[in-house]
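Participant: What follows is each chain in one-letter form.
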Amino acid sequence: MTDLQRTPLYSEYKKSGAKTIDFGGWDLPVQFSSIKQEHEVTRTKAGLFDVSHMGEIHVTGPKSKEYLQGITTNDVTKLVPNRAQYTLMCYSDGGTVDDFIIYMLAENDYLLVVNAANTNKDYEWLVENNTYSTKEVSINNVSDDYAQLALQGPLAERILQQLTDTDLGAIKFFRFAQDVKIGNIPESALVSRTGYTGEDGFEIYIDKDYASDLWNLLLEKGANQGLEPIGLGARDTLRFEANLALYGQELSTTISPIEAGLTFAVKVDKGDFIGREVLKKQVEEGPDRKLVGIEMIDKGIPRHGYKVLYEGEEVGFVTSGTQSPTLKKNIGLALVKRELAQLDQQLTVQVRNRELDSVVIKTPFYRREK
Amino acid sequence: MSIPKDLLYSKEHEWVKKEDDKLRIGITDFAQDELGDIVFVELPEVGDELELNEPFGSVESVKTVSELYAPVSGKVVEVNADLEDSPEFVNESPYEKAWMVVVEPSDEAQLDELLNAEAYEGVLNDEE
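Sequence lines, in order, name chains A and B.
When you line the first sequence up against our numbering, it's residues 1 to 370, in that order.
When you line the second sequence up against our numbering, it's residues 1001 to 1128, in that order.
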């Protein structure tokens, strides 16, 4: 095995007996106890995730807003300090460079939190397409400075509120607070009400040197609420049930955000940006392919990459699939020809050497009660 | 990690139990632990032929699909239908409740190629 990267928390989860795997070049925990059990804990109580492998790119300078507006798909001008936005970057052909969250820290001061495996690619793309001077727009990959923990689940707020004087109730969805003091940790944290599980919860950014302190403090103070550490296996099933896209599966260089059903984050009328022409056409005319939810009728589990057939013809492929731990159903997301992307449409999934029936169902598969 | 002394093992982590002239087959405790929560088991039908080292079914966890490789050749005479509705037996009871098939071996000599418990333990130690 080549040298895998490790987050600042590696020794913590080794201590707790986590099973780690190579995840895009990172040695990360796939599970601590069991994926099903961890999934359930996050849905019903709370789970703590180490997501320090995520990339952070800092964009500053007097032209930052104009620059980001021209390279991302969502409308950056809607942001005000302490608000975050889900957005994407696309190639000129509409394919996706990455999907990520922009945090507006202050005027002309933005933090982009990107997919780990895409960090270098994104950074290069951002630099390559910066038509401003470095004085006007400065771009820095600061991924190594930050640790990121996600505290997710219905009891997340209760757990974190025990440890801070900041009124967490005041942090609404996709907003954040900076300089949050947590317990006796000397360095303050950035706390946002965001996540990748379909549950309420927070993502916490802190100086990497305090990652272990924060991890242990949260687990200790959250224990009485049932808080447990959660691995990437459950992170994937949680995000999948909530229909949150995973780059490399629902999105890729050859899948546009419109095809993936992320039109809400693509503002084709905001002015020019990379990919606008193709994306605008897809919005207006409808994309050739659409992402749908499918449920297996026959016994079998749809998996990433399996072919989808209709009347013997290949009409698409499965982007993600598993047995949903919450619904106990064999379900998947599939990118299929748009004329077949209709509720109740029957589709065949090629599961290895078998052709199994499935039906298009509504997404998200899971929505929390508010 | 449980490795019963009275069973034979394949390097692909199947166990084989001699029962008179038939063989009962399943996957080992190590295998189920590596796979995690088993949610689906696909098995052959009675009458199907297993061919040594060829896939004869699959076990799916939440995360992945793993093929089952035949530790011996032979004809399937019994299939554990309980696993269809209770795939979790594979995690809970890999050597008892989660037996997968019973076969009539077509070549007894293949049994000599399987490992005893001690040798299988050696294989596991090498993997870790």
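Don't read these hints as lab results, they were simulated from the structure.
Only a predicted model underlies this, so the values are computations on that prediction, with no experimental measurement involved.
Hints are not guaranteed to be accurate.
Unchecked claim - Here are the simulated lysine-lysine pairs, DSSO-like style, with alpha carbons at most 30 Å apart:
(1) A:K307 with A:K172
(2) A:K362 with B:K1063
(3) B:K1063 with A:K19
(4) A:K328 with B:K1063
(5) A:K121 with B:K1017
(6) B:K1022 with A:K328
(7) B:K1063 with A:K307
(8) B:K1063 with A:K370
(9) B:K1075 with A:K299
(10) A:K19 with B:K1011
(11) B:K1022 with A:K329
(12) A:K370 with A:K337
(13) A:K280 with A:K270
(14) B:K1063 with A:K14
(15) B:K1011 with A:K14
(16) A:K329 with A:K45
(17) B:K1011 with A:K181
(18) B:K1011 with A:K299
(19) B:K1011 with A:K337
(20) B:K1075 with A:K15
(21) A:K78 with A:K14
(22) B:K1011 with A:K45
(23) A:K172 with A:K63
(24) B:K1097 with A:K329
(25) A:K19 with B:K1005
(26) A:K45 with A:K280
(27) A:K208 with A:K14
(28) A:K299 with B:K1005
(29) B:K1063 with A:K299
(30) B:K1022 with A:K19
(31) A:K281 with A:K307
(32) A:K181 with B:K1018
Participant: Taking only the CA atoms, is the gap from A:K280 to A:K270 under or equal to 30 Å?
Facilitator: 11 Å, holds
Participant: Has the given pair, B:K1011 with A:K181, been kept, meaning a C-alpha gap of at most 30 Å?
Facilitator: With Cα atoms ~53 Å apart, B:K1011 and A:K181 exceed 30 Å; violated.
Participant: Checking one constraint from the list: CA of B:K1022 to CA of A:K328, max 30 Å. Satisfied?
Facilitator: 36 Å, violated
Participant: Checking one constraint from the list: CA of B:K1063 to CA of A:K14, max 30 Å. Satisfied?
Facilitator: Satisfied, since the Cα-Cα distance of roughly 21 Å is no more than 30 Å.
Participant: Taken at face value, is the distance from the CA of B:K1018 to the CA of A:K181 at most 30 Å?
Facilitator: 64 Å, violated
Participant: With a cut-off of 30 Å on the C-alpha distance, tell me whether A:K328 and B:K1063 pass.
Facilitator: 14 Å, holds
Participant: Starting from A:K19, check that the Cα of B:K1011 is at most 30 Å away, please.
Facilitator: 22 Å, holds
Participant: Given the hinted pair A:K172 and A:K63, is their alpha-carbon gap at most 30 Å?
Facilitator: 28 Å, holds
Participant: Going straight from one Cα to the other, do A:K362 and B:K1063 come out at no more than 30 Å?
Facilitator: 22 Å, holds
Participant: Hey, B:K1075 versus A:K299, does the alpha-carbon distance stay inside 30 Å?
Facilitator: 24 Å, holds
Participant: Between the alpha carbons of A:K121 and B:K1017, is the straight-line distance 30 Å or under?
Facilitator: Answer violated: A:K121 to B:K1017 is near 53 Å, above 30 Å.
Participant: For the pair supplied as a hint, B:K1063 and A:K299, confirm whether the alpha-carbon distance does not exceed 30 Å.
Facilitator: 17 Å, holds
The structure is inconsistent with the numbered hints 1, 5, 6, 11, 12, 17, 19, 20, 21, 22, 26, 28, 30 and 32, although it conforms to all the rest.
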